[in-house]
Amino acid sequence: MLATPLYNCDYDRVYEPAEDSFLLLDSLESELSFLRSIFEKDNYFPIILEIGCGSGIVTTFLHQHAIPTNKGLYLPVDINPWAIDATLQTIKKNPPTKDLQTTTIVDPLLMDLVAGLKSNSVDLLVFNPPYVPAEAVPNLPPGTNDEGWLDLALLGGEDGLVVTNKLLNNLHNILSPKGVAYILFCARNKPQEIQLRMEGHGWKVDLIEKRKAGWEVLSVYKFQKIKTNF
Amino acid sequence: MKFITTNFLKCPIKTCDVSNDNYPLQYNGEKCELQQENIEYKPEFLIKILDRLDWEAVLSVAQDLGNTSLPSNKPQILDDGVEKDAILRDLHTLLLQTNIVEGEMKCKNCGHVYYIKNSIPNLLLPPHLA
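Chains A and B supply the protein sequences, listed in that same order.
Anchor point for the first sequence: position 198 equals 198 in our numbering, and the numbering is continuous, going up by one each time.
Anchor point for the second sequence: position 5 equals 5 in our numbering, and the numbering is continuous, going up by one each time.
One chain only, chain B, in its complex shape (with noise of 0.2 Å):
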């Protein structure tokens, strides 16, 4: 699974939808397994897919992931500033480039861990939850 979709991803228990703690889920960073992989760069639609993320999402499972160098506000709409083109090559590598290949993610209100295997999250319950 790639970093970009930790960000739409919840747990998926119902009775935890009334609490604010069932997103983002907290990923295990000692047994996530992290694979690079090559995607072109392109800064115009970079841009374009940070209009859809939920920033403090991105920053929570970032740290998890052993990650503490983004901003703490959204990159805003950028200039050709050679600066933030490294903010956008970093968030290039972090969101489309990182692939979550084995690991653990956990629910912070129930604690119900789910894993990640081969990189496929597996988000089923066990009967007595579904």
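Chain A on its own, in the form it takes in the complex (with noise of 0.2 Å):
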């Protein structure tokens, strides 16, 4: 079992780890030699993003442990400043070790989604989103030092989904040919009427893990382009 990164925040404005994320590593660990079989031929060099990264144990844990492969440019973005910072120094406390080999650079941005990304250029996309349903997804605090910052990453409006189904609908402009992306949903995000719809959308679409997590049940979903529909 790969090594889950150290980390440290200010849990009032950062979203501490908590089930949800560790499912998200246990997926992408189980993933590995998937990920390793597209990404690590002739030396390609992969584009990784994160969408909202919190405290950075989800980006830093694929960089620590070389994933998709030993080389890459890792984008982590989120639309908190304090959550850029967390990242920056969860990845700084957790270096590759030397026999990995790595080249990497992690650039951290604050960005709403994939707002500024350019087109098609993401191969491994992880979002562990605002999945829990309420009234509506929060503005964004005011100012730095005002409070609301943790409710951006918890709250998803209707079904949990509105930030989900955002990306979900803009995924193939996202994605680069070879691109793979992983989800995390709760159950009352009713994932498989998401695969159904995605896959009628011609989206290759995997349940990767499922887990019970207090009351509530979490799982990641993989989606790929099927070549034929593009």
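Hints are computed from structural coordinates only; laboratory data are not their basis.
Careful, some of the hints might be misleading.
[Said to hold, decoys possible] Below 27 Å or equal to it, Euclidean Cα-Cα: the simulated DSS-like pairs (lysine-lysine) are:
| no. | chain 1 | residue 1 | chain 2 | residue 2 |
| --- | --- | --- | --- | --- |
| 1 | B | Lys42 | A | Lys93 |
| 2 | A | Lys98 | B | Lys2 |
| 3 | B | Lys48 | A | Lys41 |
| 4 | A | Lys41 | B | Lys84 |
| 5 | A | Lys212 | A | Lys222 |
| 6 | A | Lys92 | B | Lys2 |
| 7 | A | Lys178 | B | Lys31 |
| 8 | A | Lys178 | A | Lys225 |
| 9 | A | Lys41 | A | Lys204 |
| 10 | A | Lys166 | B | Lys106 |
| 11 | A | Lys41 | A | Lys166 |
| 12 | B | Lys74 | A | Lys41 |
| 13 | A | Lys190 | A | Lys210 |
| 14 | A | Lys178 | A | Lys210 |
| 15 | A | Lys118 | B | Lys108 |
| 16 | B | Lys48 | A | Lys178 |
| 17 | B | Lys42 | A | Lys178 |
| 18 | B | Lys2 | A | Lys118 |
| 19 | A | Lys190 | A | Lys212 |
| 20 | B | Lys48 | A | Lys98 |
[As the list claims (entries may be wrong)] Here are the simulated distance ranges between beta carbons:
| no. | chain 1 | residue 1 | chain 2 | residue 2 | range |
| --- | --- | --- | --- | --- | --- |
| 21 | A | Val132 | B | Ser69 | 50 to 56 Å |
| 22 | B | Ile87 | A | Gly148 | 48 to 54 Å |
| 23 | A | Glu193 | B | Ser69 | 53 to 59 Å |
| 24 | A | Glu16 | B | Asn38 | 31 to 37 Å |
| 25 | B | Ala130 | A | Glu216 | 25 to 31 Å |
| 26 | A | Asn173 | B | Leu129 | 17 to 23 Å |
| 27 | A | Phe34 | B | Asp90 | 34 to 40 Å |
| 28 | A | Val217 | B | Gly29 | 50 to 56 Å |
| 29 | B | Ile87 | A | Glu16 | 43 to 49 Å |
| 30 | A | Arg197 | B | Glu30 | 45 to 51 Å |
| 31 | B | Leu129 | A | Glu158 | 35 to 41 Å |
| 32 | B | Thr15 | A | Glu158 | 24 to 30 Å |
[Said to hold, decoys possible] The following residues of chain B were derived to be distant from chain A, with all beta-carbon distances above 10 Å:
| no. | residue |
| --- | --- |
| 33 | Gln36 |
| 34 | Gln63 |
| 35 | Leu65 |
| 36 | Gly66 |
| 37 | Cys110 |
Ideal Cβ positions, reconstructed from N, Cα and C, are used throughout, including at glycine.
Put the two chains together into one complex; each comes in its own frame, and the hints tell you how they fit.
As structure tokens, then:
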């Protein structure tokens, strides 16, 4: 089993890693040989995007263990400036070991989803979205030092899917031809319906991990383009 | 932000997507503060990195930042010639080692300015543009 990164952030402002974060790490670990089989070939240089990096634990896990391969550009993205700080610190605390011989760049970006990213660039996308059903997706707090940053990491509007759907509906413009996305859901998001819908739009969708966590049932799904449809 | 990342950033304003001027962003050479960071030189990786880059955009941003010495065409798969090694070393310095620590970048279509502070680019939009 691969080691979990060390982390320590200000949890009044940044989402504290919890069962959902750890399920995502376990999913990515179980996908390790699949990801290596795609990205190790021909010394390919992949672009890795994590949306909503929070504490930085997921991007750090990937970077530290050379997932998907020992080179690449890692772009952890968040709308919360505190999360960007936390991610930088977590990355620094957990360098990859020398024997992995990595050549990597980690460049955190303050950005809303993929708004400022050139289209069809992302090879590996990981997203632990704000998936809790709520009346609405909260607005950005007016100032960096104001309260409300934590709510943004949790509340996902109707069915907890407003933010996730924004990404899914645009996924064909985000991923590269080799691209693969891992997205976390809770049962109230009705992930099986999403799977059917995305399969209808020409995506290959697989359930990677499913786990009961307290009163929630969490799952991670993998999305890949089926080439003939694009 | 490392130079290589500039190759993947466009204006986040949706209405600029119909324009060809939303990518790459235009960097304000006078306001940009650059630092060099040491990264191990691996020519075999660099060639693969070049595969992923839009060369026109590399040239454009390099010129914004005062570097006009790059070849006008993307260097092709290279033999071990000393001259080519020199090009790859230059690209290694530019793409991977050059960090834009502070600065400004502007959309050539809408003119909106985005800032880089403590090496972090801020591409968030004010509510009326988001």
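Hints, one by one, checked against the model:
1. Lys42/B / Lys93/A: holds, 24 Å
2. Lys98/A / Lys2/B: Holds - the C-alpha atoms of Lys2/B and Lys98/A are around 22 Å apart, at most 27 Å.
3. Lys48/B / Lys41/A: Cα-Cα ~11 Å, so holds.
4. Lys41/A / Lys84/B: Since the Cα atoms of Lys41/A and Lys84/B sit roughly 24 Å apart, the hinted pair holds (cutoff 27 Å).
5. Lys212/A / Lys222/A: Answer holds: Lys212/A to Lys222/A is near 19 Å, not above 27 Å.
6. Lys92/A / Lys2/B: With a Cα-Cα distance of about 16 Å, the restraint between Lys92/A and Lys2/B holds, given a limit of 27 Å.
7. Lys178/A / Lys31/B: The hint is violated at about 37 Å.
8. Lys178/A / Lys225/A: holds, 8 Å
9. Lys41/A / Lys204/A: holds, 22 Å
10. Lys166/A / Lys106/B: Roughly 26 Å between the alpha carbons, so the hint for Lys166/A and Lys106/B holds.
11. Lys41/A / Lys166/A: Roughly 32 Å between the alpha carbons, so the hint for Lys41/A and Lys166/A is violated.
12. Lys74/B / Lys41/A: holds, 23 Å
13. Lys190/A / Lys210/A: holds, 13 Å
14. Lys178/A / Lys210/A: Holds, at about 25 Å.
15. Lys118/A / Lys108/B: Holds, at roughly 15 Å.
16. Lys48/B / Lys178/A: Distance of about 15 Å is within 27 Å: holds.
17. Lys42/B / Lys178/A: The hint holds at about 24 Å.
18. Lys2/B / Lys118/A: Holds - the C-alpha atoms of Lys118/A and Lys2/B are around 16 Å apart, at most 27 Å.
19. Lys190/A / Lys212/A: It holds: about 15 Å lies between the C-alpha atoms, which stays within 27 Å.
20. Lys48/B / Lys98/A: Given pair Lys48/B, Lys98/A holds - Cα atoms ~21 Å apart, limit 27 Å.
21. Val132/A / Ser69/B: 50 to 56 Å: Given a distance of about 53 Å, which is inside 50 to 56 Å, the answer is holds.
22. Ile87/B / Gly148/A: 48 to 54 Å: Roughly 50 Å apart at Cβ, these two residues keep to the hinted range, so it holds.
23. Glu193/A / Ser69/B: 53 to 59 Å: holds, 55 Å
24. Glu16/A / Asn38/B: 31 to 37 Å: holds, 34 Å
25. Ala130/B / Glu216/A: 25 to 31 Å: This hint holds: roughly 30 Å between Cβ atoms.
26. Asn173/A / Leu129/B: 17 to 23 Å: holds, 20 Å
27. Phe34/A / Asp90/B: 34 to 40 Å: Cβ of Phe34/A to Cβ of Asp90/B: about 37 Å, so the range 34 to 40 Å holds.
28. Val217/A / Gly29/B: 50 to 56 Å: At 53 Å between Cβs, range holds.
29. Ile87/B / Glu16/A: 43 to 49 Å: holds, 47 Å
30. Arg197/A / Glu30/B: 45 to 51 Å: Given about 50 Å between the Cβ atoms, the range holds.
31. Leu129/B / Glu158/A: 35 to 41 Å: Distance hint for Leu129/B, Glu158/A is violated at roughly 24 Å.
32. Thr15/B / Glu158/A: 24 to 30 Å: holds, 26 Å
33. Gln36: holds, 14 Å
34. Gln63: At about 19 Å from chain A, Gln63/B clears the 10 Å cut-off, so the statement holds.
35. Leu65: Label holds. Min Cβ-Cβ 16 Å, cutoff 10 Å.
36. Gly66: holds, 21 Å
37. Cys110: The claim stands: Cys110/B keeps its Cβ more than 10 Å from every Cβ of chain A (closest is about 13 Å).
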